[in-house]
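Number of protein chains: 2
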Amino acid sequence: MSKIKETSTNFANKQALADECSEAYAANIIGGQWALVICSWLIGGKLRFGELKKKLPNITERMLTLQLRKLEENKIVKRTVYTEVPPRVEYELTPIGYELKPIIKHLEKWGQKHKDLM
Amino acid sequence: MSKIKETSTNFANKQALADECSEAYAANIIGGQWALVICSWLIGGKLRFGELKKKLPNITERMLTLQLRKLEENKIVKRTVYTEVPPRVEYELTPIGYELKPIIKHLEKWGQKHKDLM
DNA sequence: GACATTACTTACATTTTTTATAGTACGTTA
DNA sequence: TAACGTACTATAAAAAATGTAAGTAATGTC
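Chains as they are written, first to last, in my numbering: chain U, 441 to 558; chain W, 441 to 558.
Everything labelled a hint here was simulated from the structure, so no lab data went into it.
The model shown is predicted, which means the values in this text are computed figures rather than measured ones.
Put simply, identical chains are the same to the list, so a pair is met inside one copy or across any two.
Cut-off 27 Å, straight-line C-alpha distance, at most; resulting in silico cross-link-like pairs (DSS-like, lysine-lysine): (1) 515 to 486; (2) 555 to 510; (3) 545 to 494; (4) 515 to 553; (5) 445 to 495; (6) 555 to 495; (7) 445 to 494; (8) 454 to 555; (9) 553 to 518; (10) 445 to 555; (11) 553 to 486; (12) 541 to 454; (13) 555 to 486; (14) 515 to 555.
Given the sequences, and given the hints that come with them, work out the whole structure.
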């Protein structure tokens, strides 16, 4: 993750693609190793940082943070901080994030079918 | 693209995720900068290498080759070579590839909606 | 006062993906 | 005989994504 370099060809290509293809735009948002899986867990309801971490096998705290930040930036998840000690932070899907549900379910079915085929 | 290093943590994580989450498995297959867009063009019917290239703004021949190879390997597209000179190669979706259509359409709609929101 | 808890942050290393550029094979056509 | 068109391959380099390891803040408990 980290910052994307706005002078790179890659950046320009992503932009151009996203501009004319909404599915590429969408793919940019929910792409990445963990984004979809995080969303699919959040479909079941709010989860804390630590709970998510437990559900995602082997994810590092860094990656989880980065992905959640990206999802938050894209208004897919909402982050709520409770100023307690130790801190408590809850994540939940926004309405548009929740609208990914049918897509995720469909992808899941497709993936299963594809797996059987291979 | 190129080869993925089977000893890396990243490889192990992808495996583990794909094993238990079919949506992550699916994401691995149709992930990458161009895969979805290529598929979405192929939904309209067979296309030659050169035709695809024209439709994809700025893609390099190398990337197009790599993505098509990956899609072929995953049985999403079928490659037909006509041994003529100059050569002619046609790409088309397989049945399972074609089943991505509703997902792509759905993603497209979602992407459009999301775009409006931002 | 040391320690545990939680959700991070930071610096750095490695791996993977993408881009850049040049070159190839091969009959056909000029 | 030399250039042309097509669908590639080879090699290198840049950029992006992911992983490793350590550290932080605040406070309540031992």
